[in-house]
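The opening position of the sequence shown corresponds to residue 71 in the working numbering, with each subsequent residue numbered one higher.
These aren't lab readings, by the way, just hints derived from the structure by calculation. Treat the hints loosely; a few may be bogus.
BS3-like, lysine-lysine: derived pairs with alpha carbons at most 27 Å apart [as the list claims (entries may be wrong)]: (1) Lys131 with Lys297; (2) Lys233 with Lys176; (3) Lys297 with Lys176.
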Amino acid sequence: MPVPIATKTLFERKLRFALSTGGVALSIMLILILNGLSAGVADQVTAYLDNQTASLIVSQKGLRNFLGATSIIPSSTADPVREVPGVRSAVPVIVQYVVLDLPSRKEFSLLVGFDRRQGGGPWSMRQGTADIAGDEAIFDAVVAGRHDIEAGDEVQVLGREFKVAGLSGGTSSWMTGTFFVTFDAASELLATRGNPSFLLVRLDSGASASRVIRDIEAETGLTVTRKSVMNANDVKLYLDVFQGPVNLMVGIAFLIGVVLVGMTIYTATVERAKQYGALKAIGIRNGRLYLIVLGQALIASIAGFVLGVGLAFAVRALLGLVTPQFLIVFDYAAIARLSLVALAISLAASYLPVRALAGIDPAIAFKRGV
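Kindly generate the complete structure, drawing on both the sequences and the hints.
Shown next as structure tokens:
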């Protein structure tokens, strides 16, 4: 039987088997971690809008990104938007990237100004309260941890003193943290004169989003974008920055697995050329011998896949403790797709051994000293 022969042949050299399995495990772990980082970045980029009840975003004319550019719209547009049929609420927010001069170092952060009576603020509090006054701020818990900032501390934001009223969760990313102040405080800090960056529009149940978009744009002359579209635009903008290098590293990880498994099985095939020659001499067809080689590659790849997935979860847990700003997201669909990668590794790794097997002359079994 091809599979028992493959298993016996592969396990005879335990160190070699461990190396090939470890190579696949390393490949699977790297691919899962890298893809998980990409998925984590996407989740972090869209976290703010994902946690708001708005369906539509009103922005400066022609702007369809929430985080990728600066938007400012007239404050006078809020009431006309609220009067459009199908609109339940229109929440003004100020959103702008700024550089904070914190005690230990400067920090690139996303400032969000919101009206606590209307919404648009943090959705998860780790410490303190989200009910803030004009001289108070809410800091991201991860950023606060890096700078030893706690609720009750005083910090300077763009030259103005704020008391930290609370620490928010789920508001950090690989690049920035988010901090929140009142709408009026943000307007003063950024000199927007009460003009918001966006309106977060919530629709009545059953309202037609397409019709509301058309009516708001006709009424205000501004651009209205579905939340899902704006999120997709932001994800594309940010992932384009490093998706190329990530894809390159994924390709390298795949090649590592192919080379290690392929060389292991190729070496085992060459070492047993005489035995394979004997099998050919007694009438065993090449197809059955190819199954032996493929079986060896599959065994190494499956074992490496299981080990690699386990290692990836361990690495994710470790990185979550050491660098919490990096979110790594795994899902069952991604892991299932990786099983196909393991299969591809085994198939690609079988190529050279199969070529070597095809070239073995049955007469080698009868030669002495071989």
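Quick rundown of the hints versus the structure:
1. For the suggested pair lysine 131 and lysine 297, the alpha carbons sit about 16 Å apart, so the restraint of at most 27 Å is met.
2. A threshold of 27 Å between alpha carbons decides the hint, and for lysine 233 with lysine 176 the separation of about 18 Å falls inside it, so the pair holds.
3. Between lysine 297 and lysine 176 the alpha-carbon distance is near 31 Å, which puts this suggested pair outside the 27 Å criterion.
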